[in-house]
Amino acid sequence: MAGATARGGEGNKSFNAILFYVFLIGFVLVSIAPLLWIFKMSIVTRADLFASPAATLAAAPIAGNYETIFGDPAFRRALLNSTIIAGITTVICLFFGSLAAYSIARLRFSFKSTVMTLILAISFFPGVAIIAPLFLQFSAFGIIDTYLSVIIANTVFALPLTVWLLVAFFKELPKDLEEAAKIDGATTIQAFQKVIVPLAAPGVFTCAILTFIHAWNEFLFANTFLFTPATQPVTVVIPNFATTYTTDYGAQAAAAVVVTVPLVILVLIFQRRIVSGLTAGAVKG
Amino acid sequence: MATATPPQRDAPTGGQPQKKKRGGIVREFKNPERRTAYLMVLPTLLIILTIAFFPILYAVVLSLTSSTVTGVGSFTGVDNYVAMFQNPAFLEGLYNTVIFTVISVFFEFVIGLAIALAINRAFRGRGLVRAAVLVPWAFPTVISAVMWRLMFQDQVGVINYVANALGVISQPILSDRTLLLISAIGVDVWKTTPFMALLLLAGLQTIPGEVYEAAKVDGASVVQRFFSITMPLLKPALLVALLFRTLESYRVFDLFWAMSNRELESLSTFVYTGVRISQLQFAQGNAASVFIFVSAFLLALVFIKGFGMQTSTEDG
Numbered sequence: 020m021a022g023a024t025a026r027g028g029e030g031n032k033s034f035n036a037i038l039f040y041v042f043l044i045g046f047v048l049v050s051i052a053p054l055l056w057i058f059k060m061s062i063v064t065r066a067d068l069f070a071s072p073a074a075t076l077a078a079a080p081i082a083g084n085y086e087t088i089f090g091d092p093a094f095r096r097a098l099l100n101s102t103i104i105a106g107i108t109t110v111i112c113l114f115f116g117s118l119a120a121y122s123i124a125r126l127r128f129s130f131k132s133t134v135m136t137l138i139l140a141i142s143f144f145p146g147v148a149i150i151a152p153l154f155l156q157f158s159a160f161g162i163i164d165t166y167l168s169v170i171i172a173n174t175v176f177a178l179p180l181t182v183w184l185l186v187a188f189f190k191e192l193p194k195d196l197e198e199a200a201k202i203d204g205a206t207t208i209q210a211f212q213k214v215i216v217p218l219a220a221p222g223v224f225t226c227a228i229l230t231f232i233h234a235w236n237e238f239l240f241a242n243t244f245l246f247t248p249a250t251q252p253v254t255v256v257i258p259n260f261a262t263t264y265t266t267d268y269g270a271q272a273a274a275a276v277v278v279t280v281p282l283v284i285l286v287l288i289f290q291r292r293i294v295s296g297l298t299a300g301a302v303k304g
Numbered sequence: 072m073a074t075a076t077p078p079q080r081d082a083p084t085g086g087q088p089q090k091k092k093r094g095g096i097v098r099e100f101k102n103p104e105r106r107t108a109y110l111m112v113l114p115t116l117l118i119i120l121t122i123a124f125f126p127i128l129y130a131v132v133l134s135l136t137s138s139t140v141t142g143v144g145s146f147t148g149v150d151n152y153v154a155m156f157q158n159p160a161f162l163e164g165l166y167n168t169v170i171f172t173v174i175s176v177f178f179e180f181v182i183g184l185a186i187a188l189a190i191n192r193a194f195r196g197r198g199l200v201r202a203a204v205l206v207p208w209a210f211p212t213v214i215s216a217v218m219w220r221l222m223f224q225d226q227v228g229v230i231n232y233v234a235n236a237l238g239v240i241s242q243p244i245l246s247d248r249t250l251l252l253i254s255a256i257g258v259d260v261w262k263t264t265p266f267m268a269l270l271l272l273a274g275l276q277t278i279p280g281e282v283y284e285a286a287k288v289d290g291a292s293v294v295q296r297f298f299s300i301t302m303p304l305l306k307p308a309l310l311v312a313l314l315f316r317t318l319e320s321y322r323v324f325d326l327f328w329a330m331s332n333r334e335l336e337s338l339s340t341f342v343y344t345g346v347r348i349s350q351l352q353f354a355q356g357n358a359a360s361v362f363i364f365v366s367a368f369l370l371a372l373v374f375i376k377g378f379g380m381q382t383s384t385e386d387g
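Which chain is which? The protein sequence lines are A and B, in order. When we follow the working numbering, the leftmost residue of the first sequence carries the number 20, and every step to the right adds one. When we follow the working numbering, the leftmost residue of the second sequence carries the number 72, and every step to the right adds one.
Derived from the structure by calculation, the hints contain no laboratory data. Since this is a predicted model, take the numbers as computed values, not measurements. Hints are supplied without guarantee of correctness; some may be wrong.
As the list claims (entries may be wrong) - Just some of the chain B residues that point at chain A, by a computed CB distance under 8 Å:
(1) Thr107
(2) Thr115
(3) Met222
(4) Val227
(5) Val288
(6) Phe353
(7) Ala371
Claimed, not checked - Subject to a maximum C-alpha distance of 20 Å in a straight line, what follows is the list of computed PhoX-like cross-link-like pairs (lysine-lysine):
(8) Lys213/A / Lys201/A
(9) Lys213/A / Lys190/A
(10) Lys101/B / Lys201/A
(11) Lys306/B / Lys376/B
(12) Lys287/B / Lys32/A
(13) Lys201/A / Lys190/A
What the hints assert, rightly or not - Just the calculated beta-carbon pair ranges, DEER-fashion:
(14) Phe194/B / Val110/A: 34 to 44 Å
(15) Ala249/A / Phe177/B: 38 to 48 Å
(16) Leu192/A / Val233/B: 50 to 60 Å
Where is the CB? At the ideal position from N, CA and C, for every residue including glycine.
Taking the hints into account, I'd like the entire structure generated from these sequences.
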C-alpha cells in the first residue's frame, strides 16, 4: 500500500517515485504502441511504407488507405455483418441472462448451486470441441452460413458471462424495494420488470458492452459456420485481406484500425465500469 | 399432497437442499415463487444444455464412428483415436499448444503479478493506466494478430527491421515456425498480461493493509511478507486467473490462424481442419474435440481439487 514508499529519506522517496512513473510510462507505452504504430502505417503512402520504418514515421499523413478500405463493398458488408451478429447476440443474452440472473440472485429455489455450476462450467468449456457436431446440425437444419448459426453458438458462450455479471449487480440492489412492491401486490415478474430492471440499468448497460465486445471479437464460430462474404463478420474478413490486398499493407493496417477504434473508444469511456464488472466475478468467485 | 409450505421456512439461509424430503420436487414446483424462479432460469439452462452439452455427447459418438462431414458412418471403436495419435499434424498441434500454454501463462503470471504489486497503491494517473490495460484486452484476437503480423512482416515490418539490424535473426520471422511460435507467445503475453494484472490487482485490494502493518511491526522482511501474507491471501484470485488463462491459451486458434497464415498447428486448428478443410480428417477431428474437452476438464479439476480453488459463489 501507500505506506511502502513512505519510508526512507526525502531524496530516496522522490527517486522511488520517478522510478515508479518510468515503469508506468513504459507499461502504458508497451500496451498502446502497437495500435499507434499500425495507425501510422495506415496513413502513409506505399512508397514510404516500403522505404523504412524511419520513413514511415516521418511521412506526411494521407487518407488513401481508408478510401481503399471503405470503397471495398466486402469490407462495408463485413462491418454490417459484425454489427448485426454482435447486436442480436447481445440482446438475446441480456434477455435470457437477466431472467436467469434475477432468479439466481433473488429468488429461493433448491437447485440453485447446481444451476450456477452448470452455467459456470461453460466458461471452462472449449468452444472448439463442439464445432464439428454443431456444423452437422446446423447443416441439417439448413442454417449453416446464416447469421443465426453464429448467433446461436455465440449466445451459449456469452450467456454465462452475462448471467455472472448480472447476478453480481442484482445482488447489490437494495432488497426492500421489491419487498415493498410485492406487498403492494406486484407479482415476482412485475417486481422484476418495474423495480429491478430500471434500477439495474447501469449494470445491465455494462453487461451489454462486455457481451457486445465478446461477440464482436468472436472468430472461431464465424470462421467455421460462415463461408460467404454476405454473412462473414470483420474478424473473418480482415485476416483474408492478406490475400486480397497482398502487399497493400497500408490498407490492411487501415482495416485493423477501423475495427479496433470503436472498441478502444468504448473502453476508454466506460473503463471504470468495465473494470469493476470484470473483476467482480473473479474476486468473489 | 403437500400443500404450499410457507416460504419463510428456509428464509434465513436461502434454501438448504438437505431439508428436501420425499415429494420435495413436487412441493418445489407448487410454490409459486419457486416455480417462477425455475421458469426464469429454464431458457438459459435449455440453451446451455442443447447447444453445449448435447453436442459434446454427439462429438463423442462421432469420434467412435467413421463419419464424414456429410453423414454419420459405421461404428469403428477407438480407431480414430489411434489414428489421431499417429497423425503428425495432431502431434505437432499438441506440442505447439502445450508449449504455447505453459510459456505464455508463465510469463503472463509473473509479469502480471509484478505489475499488480507495483500499481497497488494510490497514485496520479490511475485512470490512464487502467485505460491502457484495457486497450489490448478489447482488441479482437485475430485483429491483434493481424497487426503484429504487419509488424513482423519482412518487407514493411518494424520488428523484423529492428531485429535484422541488430542481427538477432537470420531469416524473416514469418517464414520460420519456431520464430512464429515465439512471436505468437509474445503477442499473447502482450494481449493478456495487462488483464491478468487487473485481476490480480483486484485480488490484492481485498487484502487489508493492517495485516502488512502488523507483520512489519513483528519484523517480517519484504520477502517474508510476500510469501507468507500476499501469496496465501491472493491464492483464490490467483487460481481463478490462472485457470481461466490456462484454459484460454489451451484452445488457441485465432492467434495461430492469423499470425502464421494457417501454418502453425494447434489442437484447435487440427479440429477446424477436419470440419472445414479435410473431409478425411473429420472423424479424427472429432476425436481431437473429445480429447480437448476431456483434457480441459481434467485441467480444471486439478485446479479445483488439487490446488483447492474455491468455486462456491457465496450462495445465498
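Verification of the supplied hints:
1. The beta carbon of threonine 107/B is positioned within 8 Å of a beta carbon in chain A (closest approach about 5 Å), and the interface hint is therefore held.
2. For threonine 115/B, the interface hint holds, since its Cβ comes within 8 Å of a Cβ in chain A; the closest pair sits about 4 Å apart.
3. A cut of 8 Å between beta carbons decides the hint on methionine 222/B: the least distance to chain A is about 7 Å, and the hint holds.
4. A least Cβ separation of about 5 Å between valine 227/B and chain A falls short of the 8 Å threshold, and the interface hint therefore holds.
5. For valine 288/B, the interface hint is violated, the least distance from its beta-carbon to any beta-carbon of chain A being 12 Å, above 8 Å.
6. With a least beta-carbon distance of about 7 Å to chain A, the hint placing phenylalanine 353/B at the interface is held under the 8 Å criterion.
7. For alanine 371/B, the interface hint holds, since its Cβ comes within 8 Å of a Cβ in chain A; the closest pair sits about 5 Å apart.
8. With a CA separation close to 11 Å, the supplied pair lysine 213/A and lysine 201/A stays within the 20 Å bound.
9. A hinted pair counts as satisfied when its Cα atoms are at most 20 Å apart, and lysine 213/A with lysine 190/A qualifies at roughly 17 Å.
10. Only pairs whose Cα atoms come within 20 Å are accepted, and lysine 101/B paired with lysine 201/A is accepted, the gap being roughly 19 Å.
11. Taken as a hint, the lysine 306/B and lysine 376/B pair is honoured in the structure, with Cα atoms around 14 Å apart against an allowance of 20 Å.
12. Between lysine 287/B and lysine 32/A, the direct Cα distance comes to roughly 19 Å. Compliance with the 20 Å bound is thereby established for this hinted pair.
13. Restraint check for lysine 201/A and lysine 190/A: the C-alpha separation of about 18 Å stays at or below 20 Å, so the hint holds.
14. Distance hint check: the CB atoms of phenylalanine 194/B and valine 110/A are about 40 Å apart, consistent with the given range 34 to 44 Å.
15. For the hinted restraint 38 to 48 Å between alanine 249/A and phenylalanine 177/B, the CB-CB distance of approximately 43 Å keeps it satisfied.
16. In this structure the supplied range 50 to 60 Å holds for leucine 192/A paired with valine 233/B, their Cβ-Cβ distance being about 53 Å.
Comparing the model with each numbered hint stated earlier shows that hint 5 is the single one that does not hold.
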